[in-house]
Structures are given as C-alpha cells and as structure tokens.
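Peer 1: First to last, the protein sequences are chains A and B. Heads up, the first sequence is in this note's numbering, so the first residue is 74 and it goes up one at a time. Heads up, the second sequence is in this note's numbering, so the first residue is 74 and it goes up one at a time.
A portion of the hints provided could be inaccurate.
Claimed, not checked - Which bits of chain A does chain B cover? Going by a derived footprint, with three or more residues having C-beta under 8 Å, they are:
1) 80-93
2) 142-154
3) 171-179
4) 196-209
Stated by the list, open to error - When the alpha-carbon atoms are kept at most 30 Å apart in a straight line, the in silico DSS-like pairs for lysine-lysine are as follows:
5) B:142 <-> B:177
6) A:177 <-> B:145
7) A:101 <-> B:101
8) B:317 <-> B:307
9) B:145 <-> B:177
10) A:317 <-> A:142
11) A:145 <-> B:145
12) B:177 <-> B:307
13) B:307 <-> B:101
14) A:177 <-> A:307
15) A:145 <-> B:177
16) A:177 <-> A:142
To be verified - Cβ-to-Cβ under 7 Å is the rule here; a few derived chain A residues that face chain B:
17) 157
18) 158
19) 159
20) 220
21) 222
22) 224
What the hints contain is simulated information worked out from the structure, not anything from laboratory work. Note that CB positions come from ideal geometry on N, CA and C, so glycine has one too.
There are 2 protein chains.
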Amino acid sequence: MDTWMRFRSNDGDIVFGRVEGGYLHEYKSLDQPVPTGAVLSTRVLTPLAPCAPGKVVALWNNYHALAAKLDKPVPAHPLFLLKPAGSVIGAGEPIRRPAGYAGKIVYEGELGIVIGRRCRNASVEEAADAIFGYTLINDVTAADLLNENPHFPQWCRAKGFDTFCCIGPSIVSGFEWQQAHLVTMLDDVERQNYPLDDMVFSPAEQVSLISQDLTFEPGDVIACGTSVGVGSIKEGATVSITIKGIGTLSNTLIAAGATAAAHAERAAAV
Amino acid sequence: MDTWMRFRSNDGDIVFGRVEGGYLHEYKSLDQPVPTGAVLSTRVLTPLAPCAPGKVVALWNNYHALAAKLDKPVPAHPLFLLKPAGSVIGAGEPIRRPAGYAGKIVYEGELGIVIGRRCRNASVEEAADAIFGYTLINDVTAADLLNENPHFPQWCRAKGFDTFCCIGPSIVSGFEWQQAHLVTMLDDVERQNYPLDDMVFSPAEQVSLISQDLTFEPGDVIACGTSVGVGSIKEGATVSITIKGIGTLSNTLIAAGATAAAHAERAAAV
C-alpha cells in the first residue's frame, strides 16, 4: 500500500507524489508515476484534492442494503450521473451552500476509485489494472432540486454545484477494499457504518462496465455510491468520512455568503 | 461576425484561429484571443471540433414547439444533463455505434453556445459577455437506454458515449441567433426546420441561470436543446445540421466494428 497526495507549494506549483513519514516523494504524475527525485516536507505544502478528475462518475443504488431500504431492485448495469470537474474540493475545504438555494443539503459517504490509465471497453481484469487506487468521497446533493421538476430528475444539477464533490485526503494504491468499512460522522455522531463488500458492482466491475459507455482518462474518479444512513447537513456542521487504511475526509458546510477566511478562523478557534 | 476553427497541423500541433478566405489567422486561444501573427493555409490542416470543452451542458425541453408536442409545461429553470468531454467529435468524423448496443440511435440538431471566459453567478448581461460565439451540435442519444431502468433515467449514459457529441464546423462570434433557423437533413431528407427564437431560455439566459448551478470555463459548451423532428439514424446515414451564417455540421453513423479508414473510403467513393 502506498499513499499518494497532491499539494500546492508556496510558489504556487502543484506537486503530486507518495507521502511517507511527513515527506512527499514527488512523482511526475498519476499516469506517469515516475519519481522526479524531489523530496519535500509536507509541512510547507497546502493539501489539495489528491487528483484533478476531468469527470466524476457517480453511482446510484450500488449497495444491497440501500436497495432493500429503498425497495428497489439492484440494477443490471451501473446507474450513474456525471459531476463536473468544477465541483471537486479537497479535504478541509468548505462545502458552500449555493446562493439562492435554501433547501436541504445531503452528505453521502462513498468509496472513490481513481483511474490510472485510459480505459475503454475494458474486461474486468483490464479494469482492475486501470485502477490507480482508492480515495474517499462526500457526494453532496442539493436534495430539494432532485425532483423539483416532475418531468426531469435533475441529478447533474443537484449534485454538480461547486464544492459538492469532496475528494481526499489521499489516494491509497494496493488497498484491499473487500474487508473495509466506511464510517461517516456528522460532527461527533456516527451516521453511516457500512461494509464495502455489500457493493452490487465491485470496483473492477464498475470500471469495466462503465468503460463500455464512456472512455476513462487518468485521474477520472468513480464515486461508488453510498449505503444507508445519508442525511442532511446544517451550516457549521462537519462531515467526516473514514475508511481505515485510507484516512479521514472532513469538510464543513458554510453559508452562501461566508468567506473561506471566516471558515478558517472558526476552524482555528475550535 | 468572425469564424473560428481549430485544426491539427501536419506536425501534430493543434492550432486555433480566425478563418478567412482559406487561411487561418492563428490566435493564442479561445480565452486569450490574441493573434500570434501566424497565417496558415487551411488546405494543409485537418479540421477538429472548434473547441475542446471540459464539459458539455445539454438542455432538455427548451423549445415551445417541442414542449407542446410532448405535452409538457415549459420549465422554470433550464433542465440539463452533462455530456463528457470524451463524447466530442468534429465535423466529418464518424459517429460510432457503441459495441454491444443494437438499439435506436437518435440525432438532435441544436444550436451550441461556446463559453469564452470563466463565469459563475452571472447576470444576463455578464452572461451575454461571456459567450464567445455559436456553433452547431448533433446531440446523439442511444434512445433505448434512456428508460431501460424504470427507477433511474440514464441521461448521462445514453448521451455520453464516445462520438455522441458532434460539434462544428466552426464557432461564429457576433452571430445574431434571433433571426436564424436550424435545418437538419437525414441524408437528403429535411427532418428538422425550426426557428431559434422559439427557445424557452435565450442563450444569455441559459448561461446566466446555469452559472448559478456550476462554473463555466472557457471552451465549455451548452447544447441549447432541440425542437420537433428528431428521429433515428441507420448505419451509413449522414446527419447534416445547418444554420445559415454558421455552416453545416455533417456526421455519418458507422457500425461498432467499422474503422475510420473504411468510413473515409466509403465517403470518398460517394
């Protein structure tokens, strides 16, 4: 298992690499994982989302427990929508309430798959090889917009707002997802705790099947869908998603008008 | 009015600029429209889609005539899905039937808006200024997949396949869309002929309202939705979409296994 992160350096450059003992061993990129030789202390770096996906494919109804709760049959092919690249933020960055939207905002703790190489019509074996590693995702939704129009469910709109796709803190390659649980805390209350092996389509099956539909590029992300326990977030509340072996992804919801500086001050005061 | 195109040169470089009298006057980029001084004959260049959108926002139910035909009320906010960047092809490139999909493939002739600058929470006036120009789009759909699953309409999947977003041949800046008609020919039969001023949301309104939902980046595209006359395409058939003042976008559907070389041979033989 290796842990991979992406940072902004003091001079504004973006650096990516393997993190070990407080140091970043820089690599050329996620699709060209060749060491540059540079070693940087992570203390002088600002963490970013661990990859910059061109697209995020987000699954619906991919856990047996949630399908049973919703009383829906499990699908025969992954059901997905797309979240735009602009919705991505990293660990610690604030989720912003959209200006002009006063409705319910919902968290969903999810396993994320990060694609390492271009991938189209891939077999399950080829798909497994195309997976660079795993990360954590909070797939945020403006829930009241989903069915606002009775003729067209607005999945892309409700889930596509800026800051509505929290990814991080790292990507772990060689991670054995089969034995892992995902835990979501809303402030200090546990709201989700589900085993990843309850998935309908495994990560390699997802990549293989969806690669029949579209071409994956390096850095693209699949949000594997969530299970039971989703709920709404109030301003000021922090959602923390943990998978042992990957880490914890924490993000706080802030009001539409709030500034990131005020958010940082509040966070520092806690 | 200026006409803008993007090409691949013989040495593999991508060049963008203003086209006039068979020459490309190269510009730095769409968001930095500064002339480089280079002037190239378009005869030695291979045309590409005129921009490389990070995302394509595709509208549903944006024409009064189609809403009336579908017996649906016109929406209060643009209804949209996202088509991935990988679905984009240019004029003359083949639309490929997805491997493993034997169902109906449908064309939709549409006006395309090309965004020129980053744009978020824009007023209608700011949105109008953020529009670089207009292009033509064939928004292709694997229609039988849309409602294959009764619990989740698969808009992104059905419209997201590689080659399912034809854009081109050029972008025209300063184009007066209000007086224009869009005509779609299926081989030599006219199938769509509708006035653009029947739109529910005008281009500037679309950019303004959708910029409340997500951030537009330079080169992003909005497919403005289609009107009456959509229909299915058979292998070997060519869809040609024309708006006077912008040009004609033609693309031929080829079988899943067919090669582009065979397509080019067939096209040359006609």
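Peer 1: Taking the hints in turn, state whether each one holds.
Peer 2: Going down the list of hints, with the structure as the test:
{"no.": "1", "hint": "80-93", "verdict": "violated (count 0)"}
{"no.": "2", "hint": "142-154", "verdict": "holds (count 8)"}
{"no.": "3", "hint": "171-179", "verdict": "holds (count 3)"}
{"no.": "4", "hint": "196-209", "verdict": "violated (count 0)"}
{"no.": "5", "hint": "B:142 <-> B:177", "verdict": "21 Å, holds"}
{"no.": "6", "hint": "A:177 <-> B:145", "verdict": "27 Å, holds"}
{"no.": "7", "hint": "A:101 <-> B:101", "verdict": "27 Å, holds"}
{"no.": "8", "hint": "B:317 <-> B:307", "verdict": "26 Å, holds"}
{"no.": "9", "hint": "B:145 <-> B:177", "verdict": "23 Å, holds"}
{"no.": "10", "hint": "A:317 <-> A:142", "verdict": "26 Å, holds"}
{"no.": "11", "hint": "A:145 <-> B:145", "verdict": "27 Å, holds"}
{"no.": "12", "hint": "B:177 <-> B:307", "verdict": "8 Å, holds"}
{"no.": "13", "hint": "B:307 <-> B:101", "verdict": "40 Å, violated"}
{"no.": "14", "hint": "A:177 <-> A:307", "verdict": "8 Å, holds"}
{"no.": "15", "hint": "A:145 <-> B:177", "verdict": "27 Å, holds"}
{"no.": "16", "hint": "A:177 <-> A:142", "verdict": "21 Å, holds"}
{"no.": "17", "hint": "157", "verdict": "5 Å, holds"}
{"no.": "18", "hint": "158", "verdict": "6 Å, holds"}
{"no.": "19", "hint": "159", "verdict": "4 Å, holds"}
{"no.": "20", "hint": "220", "verdict": "12 Å, violated"}
{"no.": "21", "hint": "222", "verdict": "6 Å, holds"}
{"no.": "22", "hint": "224", "verdict": "5 Å, holds"}
In the structure shown, a violation is registered for the earlier hints numbered 1, 4, 13, 20, in ascending order.
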